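Student: Chain residues, written in single-letter form:
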Amino acid sequence: MTFTYENYMNLIFHLDKVHENVPQDISKRIVSNAIAPVITVTATVELDSHISEEYGIDSFYTLLRYFGGCISDRDQSNEYIKKTEDEQKSHALNKVNLTTIEETKVKLNEDEKMEEELQSDQNVINPTNDPTVNNNYLDVDTKTDNLLPKSSQTTRNRSRSNSLFQRDSTQSQFIRFTRPIEDLLYSGGTGDMLFDYHTLEIFLGSCLKMVEKYTTDDIDHKTLQKSLYHRFFSSAISSTNCLSPYESFNHPIVSLIAIDITKGQNYELARDLLIAFKNQNTTINNFPIFMSTNDILPVFVLCYNGSSAEESEKSTELSKKIKKQLFAECIRMPLWDKRYSDDITVKLHQPAMSSLDEMLYVFQTSKTDKLPLTLINLIYDQLEILTNDLMIPFMQRKITFWEETILQPKKSLFQGTKLFRKFMGRPSMTNGRQENIPIKDNQGNEYFASTSNVFLLRKLADWSMMISDFKTAYTTFESLLEDIEMYPKYLASCLEWCAVCILMGAQNIVTTKMIKNDVNPLIERSLDVYGNCALLLNSIAESEESPDTEPVRSYETRCMLITSELFLSLSDTWTSTPYALSNLETILSECKLGACSQIMIWERLSDCYNLRTDPRVKHKLRSNISTSSVSEVSEEEIKKQDVSSIVLKGLTRQRKASFFRLLAAKKWAEQHQWRQVSWCLNDISEMYQDTVFGKRESLIYQKLKRNLLENSKK
Amino acid sequence: MSQYFAIIGKDDNPVYEAEFSGKLGPQGQIQGFPQDLKELNPFILHASLDIIEDLQWQPNLSLQGGAAGSGGSGGFLRSRNNTNASNCYLGKVDHFYGIIITAYLTYSGMKFVMLHGNSVSTTVQIDDNNVKSFYQDVHELYTKTILNPFYNVGDPISSASFDSRVRALARKYLGK
Amino acid sequence: MTDKLILTGMPEEQNVHSTTGYEYIIGPKQSLPNEANAPYIPSKIYSESILYKKQQVSLMSMAFLYQELISQIYKNSKTSTEFETKLSNHGSNIGFKLLDLLNLRASVPSSARSSTFLPSNASLTGGNTGETGGASTNTNTSTILTGYIDKSYESNESLSNMISQLRRRDLKIIDILQFIHGSVWSYLFGAPSNDLVKSSERENEYMIVDNEPVLTQFISGNFSCNYFMCGLIKGFLSQAGFECTVSPHPDVDEIYPNRVVYLIKFEKQVLEREALKFGA
Numbered sequence: 001m002t003f004t005y006e007n008y009m010n011l012i013f014h015l016d017k018v019h020e021n022v023p024q025d026i027s028k029r030i031v032s033n034a035i036a037p038v039i040t041v042t043a044t045v046e047l048d049s050h051i052s053e054e055y056g057i058d059s060f061y062t063l064l065r066y067f068g069g070c071i072s073d074r075d076q077s078n079e080y081i082k083k084t085e086d087e088q089k090s091h092a093l094n095k096v097n098l099t100t101i102e103e104t105k106v107k108l109n110e111d112e113k114m115e116e117e118l119q120s121d122q123n124v125i126n127p128t129n130d131p132t133v134n135n136n137y138l139d140v141d142t143k144t145d146n147l148l149p150k151s152s153q154t155t156r157n158r159s160r161s162n163s164l165f166q167r168d169s170t171q172s173q174f175i176r177f178t179r180p181i182e183d184l185l186y187s188g189g190t191g192d193m194l195f196d197y198h199t200l201e202i203f204l205g206s207c208l209k210m211v212e213k214y215t216t217d218d219i220d221h222k223t224l225q226k227s228l229y230h231r232f233f234s235s236a237i238s239s240t241n242c243l244s245p246y247e248s249f250n251h252p253i254v255s256l257i258a259i260d261i262t263k264g265q266n267y268e269l270a271r272d273l274l275i276a277f278k279n280q281n282t283t284i285n286n287f288p289i290f291m292s293t294n295d296i297l298p299v300f301v302l303c304y305n306g307s308s309a310e311e312s313e314k315s316t317e318l319s320k321k322i323k324k325q326l327f328a329e330c331i332r333m334p335l336w337d338k339r340y341s342d343d344i345t346v347k348l349h350q351p352a353m354s355s356l357d358e359m360l361y362v363f364q365t366s367k368t369d370k371l372p373l374t375l376i377n378l379i380y381d382q383l384e385i386l387t388n389d390l391m392i393p394f395m396q397r398k399i400t401f402w403e404e405t406i407l408q409p410k411k412s413l414f415q416g417t418k419l420f421r422k423f424m425g426r427p428s429m430t431n432g433r434q435e436n437i438p439i440k441d442n443q444g445n446e447y448f449a450s451t452s453n454v455f456l457l458r459k460l461a462d463w464s465m466m467i468s469d470f471k472t473a474y475t476t477f478e479s480l481l482e483d484i485e486m487y488p489k490y491l492a493s494c495l496e497w498c499a500v501c502i503l504m505g506a507q508n509i510v511t512t513k514m515i516k517n518d519v520n521p522l523i524e525r526s527l528d529v530y531g532n533c534a535l536l537l538n539s540i541a542e543s544e545e546s547p548d549t550e551p552v553r554s555y556e557t558r559c560m561l562i563t564s565e566l567f568l569s570l571s572d573t574w575t576s577t578p579y580a581l582s583n584l585e586t587i588l589s590e591c592k593l594g595a596c597s598q599i600m601i602w603e604r605l606s607d608c609y610n611l612r613t614d615p616r617v618k619h620k621l622r623s624n625i626s627t628s629s630v631s632e633v634s635e636e637e638i639k640k641q642d643v644s645s646i647v648l649k650g651l652t653r654q655r656k657a658s659f660f661r662l663l664a665a666k667k668w669a670e671q672h673q674w675r676q677v678s679w680c681l682n683d684i685s686e687m688y689q690d691t692v693f694g695k696r697e698s699l700i701y702q703k704l705k706r707n708l709l710e711n712s713k714k
Numbered sequence: 001m002s003q004y005f006a007i008i009g010k011d012d013n014p015v016y017e018a019e020f021s022g023k024l025g026p027q028g029q030i031q032g033f034p035q036d037l038k039e040l041n042p043f044i045l046h047a048s049l050d051i052i053e054d055l056q057w058q059p060n061l062s063l064q065g066g067a068a069g070s071g072g073s074g075g076f077l078r079s080r081n082n083t084n085a086s087n088c089y090l091g092k093v094d095h096f097y098g099i100i101i102t103a104y105l106t107y108s109g110m111k112f113v114m115l116h117g118n119s120v121s122t123t124v125q126i127d128d129n130n131v132k133s134f135y136q137d138v139h140e141l142y143t144k145t146i147l148n149p150f151y152n153v154g155d156p157i158s159s160a161s162f163d164s165r166v167r168a169l170a171r172k173y174l175g176k
Numbered sequence: 001m002t003d004k005l006i007l008t009g010m011p012e013e014q015n016v017h018s019t020t021g022y023e024y025i026i027g028p029k030q031s032l033p034n035e036a037n038a039p040y041i042p043s044k045i046y047s048e049s050i051l052y053k054k055q056q057v058s059l060m061s062m063a064f065l066y067q068e069l070i071s072q073i074y075k076n077s078k079t080s081t082e083f084e085t086k087l088s089n090h091g092s093n094i095g096f097k098l099l100d101l102l103n104l105r106a107s108v109p110s111s112a113r114s115s116t117f118l119p120s121n122a123s124l125t126g127g128n129t130g131e132t133g134g135a136s137t138n139t140n141t142s143t144i145l146t147g148y149i150d151k152s153y154e155s156n157e158s159l160s161n162m163i164s165q166l167r168r169r170d171l172k173i174i175d176i177l178q179f180i181h182g183s184v185w186s187y188l189f190g191a192p193s194n195d196l197v198k199s200s201e202r203e204n205e206y207m208i209v210d211n212e213p214v215l216t217q218f219i220s221g222n223f224s225c226n227y228f229m230c231g232l233i234k235g236f237l238s239q240a241g242f243e244c245t246v247s248p249h250p251d252v253d254e255i256y257p258n259r260v261v262y263l264i265k266f267e268k269q270v271l272e273r274e275a276l277k278f279g280a
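Chains as they are written, first to last, in full-length UniProt numbering: chain A, 1 to 714; chain B, 1 to 176; chain C, 1 to 280.
To be clear, the hints were calculated from the coordinates, so they are not data collected in a lab.
These numbers come from a predicted model, not from an experiment.
There's no promise every hint is true.
So the derived list for chain A, only partly shown, Cβ under 10 Å to chain C, looks like this [to be verified]:
id, residue
1, 326
2, 327
3, 616
4, 645
5, 646
6, 647
7, 648
8, 649
9, 651
10, 696
11, 698
12, 699
BS3-like cross-link-like pairs, simulated, lysine-lysine; straight-line CA separation at most 25 Å [claimed, not checked]:
id, chain 1, residue 1, chain 2, residue 2
13, A, 410, A, 398
14, B, 10, C, 86
15, C, 277, A, 516
16, A, 209, A, 592
17, B, 132, A, 695
Ideal Cβ placement from N, Cα and C applies to all residues, glycine included.
All chains, full assembly: derive it from the sequences and hints.
Tutor: Structure representation (structure tokens):
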């Protein structure tokens, strides 16, 4: 049974996997996911209602939303595998314990399964990981139309596609789905804050309730606890779909336009939809000036009935026609097929990352959606095509174009003599693009327009990050710094991502000196600039009342959260943890967060101290244990070692870690989160239970233990 | 300002503890630590032992309070003749919000640790020389204690005589 | 001297202040404002200066005592290992106590040591009739003059005004061995040991050589009796954080028929730590 990224992030839904270790590089994966390319989903009303009728899922967007995240992991289809393995387990139990009647039942079940397996075994044909394979399949599909068996082949080989097994987390491509731009503008607005701590707190509260409901005090909570933090972390850094004017991570890159062939939707409609999409710049009245539909790739999704040869043919023809006449690509999705009714249905789980509002909505409704397994795999196939064959090449084309037309000329100018530059005058004026100054939108806000060099460079950097080209991203950010020195909000964000870039990309070569001289100054400067922005807004707020500093503050908080988490992912944790600690402590003292959110940070402080182990300790332990030399030495193993070891004294911060756990326990108790209290106390019992302070009745440790006991009696 | 002072043995066991409170409050009550800190103080102190053990074997100690946490960085800035400086008094080793933690090591590795402050919100200033003198004099008292043939190293020091002398020292050096 | 042991000459004392010390189970006591006026709870141990006083014990008495100790342990031991361990433990206890004492004494500059060397009135006024200096720090002056005089710390019972800088804690093996070779031996036997040698074969072994061991000079035939000194060295070192084992080895020749070598084997980790902190 494999353990995937999604499993870890949603560990509370996968309690059978609590014994797994925290995946390596998890913070890098989360950041990759948080900045993953955004794909908007627009569907015709007819299609939405058709889906709703057939599957009880209210729209095509809601359906695709389940498929966000790391698509190559194919989490949703793993749900099925998991279920059958569970059944097998229970069968094994039954065989031992139960009576003959039940045994026959089991036999029947097994026969069924045999059939399934036979079915799928036939299709283990091509286990290669070549993206072109998918293309081949597309061709086969169109010709033979015999798609049912084919799709399950990938589930058989899922281990090869598990993103956690990749040596470098940045190799896996994440995607995010969101609603159409118009909806985003309506609900989010642009000046909005990144995350709203009230909602974050409510979300966390719901998570904690779930934890309370599904777990016990003595569950193996180590990984679960960390998963909860990472869930919190990912929500805090990516919880919004607001369109920021200062960075382009949430700006859509692909726009899916879905039509329903079954309902007779045809070329004319597609053409009209595409025109409407292209004209959004002018038709939507508050369309942000920093966005342009020119930089969004429209892709049609043709939904048809797979069991109808006629429809299948129609869709192929339509896709050819669209390509020829509208120059737009299509992906074809047989959303319906009469054979699906015989197929196994899979309960869909929530994606690893989703906006807070949507998560809260999900918590309230507690509705589970189901889809046929075959369909799930087909959707994944199509999404892989979309991502690997359409989206990424599109991004790369754009990146190359921007590099050649903006970045290169800019660089060469800077290398020229000063005299030369004088003669040239303002370089930005000459190449016909807009000046490098912000312009006012119709609400009076000053932003850089989507066509300005500044914003295009910013996009170049952001997109390079999305496809894990951190080197290009870094140099672009760096070259941008000078241009935006006068615009603090742009500058702050740019500095922040410059630092993130190094931490994400240069992990293995980040040295103490680099952190001290490069990374940390960037972060500090970024925080300073964010702070100044907030102060500036404050002074305006005093005179005018309304503008709020919270949006800026939320960027500041995100910056500290991301960087501290990435610091922790560095290999030399002895040098990097102090930076993480100081960032987290600043969050606690300066940033607005709800009570439970704060405790999450307190717990993280404890984790930080646990990680603060001198590299020499690890080295020594490795030689002591002399197991496989490559494997990382976990915190647990360090704890297990003789603490009184003469050499190791003073090279760890285990007591400090326990103390912060104790503080967290105290604060959880104040919030009546008794499950969390119990886990925290459990973590520190080894440290304290035999000490005088731990036994003294008047002190906090015993007091918490008593409170916990009283509470469990109630 | 209040202080919580403890002598910690090799197994993190308290050998002696005392709380010193400063002046009387406006109503004549003792201004000691608030209750929630009283419950927490020993754990704050315990948490700083990691750092003390780190500093214990550092060849060079910077006594300007910079020794906390970073543990042995920037050694090249210190002059060579510093190697003769006393390394019993470690100075400020740690802090927890407003509370400052100072420490001292005896030759036998007993840890003298003290929390200075009243609350987590206001940071206190400490006079390094006075604190050092206090520790040094308690060190002497401690040395006398272990000279007692009936005292075993590591046992709690329950002598009232010792207690009264430590408190007098606290009044002399810390009672401001 | 005996009068100092019965120092309860002030009957009021009991009413003023409870005389209990630190209680392990309860935790720290808070200091009370009125205790500033209370006198010290009298104590022979704390009111004596720890400064070195030349008080010699006759060799015969010492030898007699040592002989008693050895025969007592010998009687109660079944094996020679048990005998050695027990004798060594007695030594360790002394070693523990010497560590802080001798280091503190070494912190007093030699000039101060001789000039303040046991002023004649020290032993007489050492009780609670001392000077009035210490009360000045107290601000509640209203009750100060009621007759109780705070014991001054500037009095001779403390070394604080003699020490300007404490001796460094020894962090290296060689430093602390030199202290044993010099200061400890001088304190015990009036002169440094005869030699301090580092083993050329094994990195963690050192030797202290005593040509004429004082304690065992009247004992012949049982070399194990040297385990007392081994224990003392071991106690001193391990209490200072240098875990080791110590064993005696005869190294006799015609001039020194009793010569003994104390072989000190440090634990590997002690060497590792040193390499780590001081860079090998």
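Student: Could you work out which earlier hints the structure fails to respect and list their numbers in ascending sequence?
Tutor: The structure conflicts with hints 1, 2, 17, although it agrees with all the remaining ones.
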